[in-house]
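Please build the complex by placing chain H on the supplied structure of chain V, with the hints as guidance.
Protein chains: 2
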Amino acid sequence: MSEVRFQISVSLDGYAAGPNQSEQDPIGIGGMELHRWVFELRSWRASQGLDGGIGGPSDDVIAEAQTNVGATVMGRNMFGGGPGPWADDPPWNGWWGDEPPFHTPVFVLTQHAREPLELQGGTTFVFVTDGIEAAVERAREAAGERDVSIGGGASTIQQALRAGLVDRFELHLVPILLGDGERLFVDVDDLALEQERVLEAPGVTHLRYRVVR
Amino acid sequence: MSEVRFQISVSLDGYAAGPNQSEQDPIGIGGMELHRWVFELRSWRASQGLDGGIGGPSDDVIAEAQTNVGATVMGRNMFGGGPGPWADDPPWNGWWGDEPPFHTPVFVLTQHAREPLELQGGTTFVFVTDGIEAAVERAREAAGERDVSIGGGASTIQQALRAGLVDRFELHLVPILLGDGERLFVDVDDLALEQERVLEAPGVTHLRYRVVR
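Protein chains in written order, with the numbering used here: chain V, 1 to 213; chain H, 1001 to 1213.
To be clear, the hints were calculated from the coordinates, so they are not data collected in a lab. Where hints are given, some of them may not hold.
Computed list of chain H residues with no C-beta within reach of chain V, every gap over 12 angstroms [said to hold, decoys possible]:
1) Gly1094
2) Gly1121
3) Ser1155
Here are the simulated distance ranges between beta carbons [as the list claims (entries may be wrong)]:
4) Asp167/V <-> Gly1122/H: 47 to 55 angstroms
5) Gly1097/H <-> Ser22/V: 51 to 59 angstroms
6) Asp1060/H <-> Trp96/V: 19 to 27 angstroms
7) Glu1099/H <-> Arg213/V: 27 to 35 angstroms
8) Met32/V <-> Gly1049/H: 37 to 45 angstroms
9) Arg1036/H <-> Glu133/V: 19 to 27 angstroms
10) Met1032/H <-> Arg162/V: 23 to 31 angstroms
11) Gly1203/H <-> Glu133/V: 52 to 60 angstroms
12) Ile1054/H <-> Pro202/V: 52 to 60 angstroms
13) Glu1145/H <-> Pro202/V: 44 to 52 angstroms
14) Gly1053/H <-> Asp190/V: 38 to 46 angstroms
Where chain V lies over chain H, by a calculated footprint (3+ residues, C-beta under 8 angstroms) [to be verified]:
15) 1010-1020
16) 1176-1182
17) 1189-1195
18) 1205-1212
In this text, a Cβ means the ideal position worked out from N, Cα and C, and glycines have one as well.
Isolated chain V (complex conformation) (with noise of 0.2 angstroms):
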């Protein structure tokens, strides 16, 4: 059964980015801490087309979370950055380098117009004018029986959750307080939510959630 989900890391004070957001920081200060735990693991190593790293249940997270993807819905920040590298002459092809790890269609919400981007690998950006509901709507067309996976960034993710879409979704809640920065639910309440699963884990915790209808 096809599902729509999302996982993200989150600092302790809910923040998914840090301060400052700019091309050169696309996740603002301090924000790479939220990710550290995953740059060894197995399996994201795997996703990047690394050999080695570590096992564990961070590793079988992330092992799950690729598992049964077959479609993605990000933003246009997650897909490339602010409106200079946007620009079409030349062509700007986001900075997922030339065989992003997607291998799957990828939805990028965005107001302008293009062309689908089909890169190696099975990457194909598809660009999306029409909103969040559109985009979670062709995504699990192009999914069929696979989720669909919400990539993010926050704002992305908090539109998904407002139009009612996902269905779960997977925090990796990192000890760190960020003070400022992006936070991860703004505006969104309305959502029944069962607690689905908790796994302690090295600098890390993941809870899953499951949004009740």
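Same frame as chain V, but now just chain H:
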């Protein structure tokens, strides 16, 4: 070894109380949902002089939190409400009743000097007008070898964290989204934390952290 610690329920979006707190609604709209998991626990009921209740991981956590506390520090709102009931004539004794559940000295942060208020069962409210550091220092002296509990609310906890006075804390993370209210962590950073213990329980996850010096 005496430690300064706090424990508090917090929503998944980081609120320790709902919006529109008032005398009638001291933890704000929806705020009571933060505490529902605690009312049926044996240890909590015992602290209120009630029989019965259930055991389990949450019960163990609350029993542990109540053990070895030698003094408590709290804000004036937690003692008892807004400017009105704070009046001296007739004296207002807070909303904890004739026999409050603390059974130790309780240091109340306030701008209004007042003689200590000794109630039944060993609770004496001591009113401190010279700030969080002085309050914690006096609580430490009173607690001796036992711990100092920062009772709350969020503002008092933030003051203690910013002043570097907290050794460890436990969050009771409740799977609700309040959308608005009083955030637990505001303008708190520059603290290095270590994840110490994670316990999954029905309807809540208990997360314990230590401040690293």
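ask   = Are there hints from earlier that the structure breaks, and if so, what are their numbers?
value = Hints 6, 7, 8, 9, 11, 12, 13 and 14 contradicted; others consistent.
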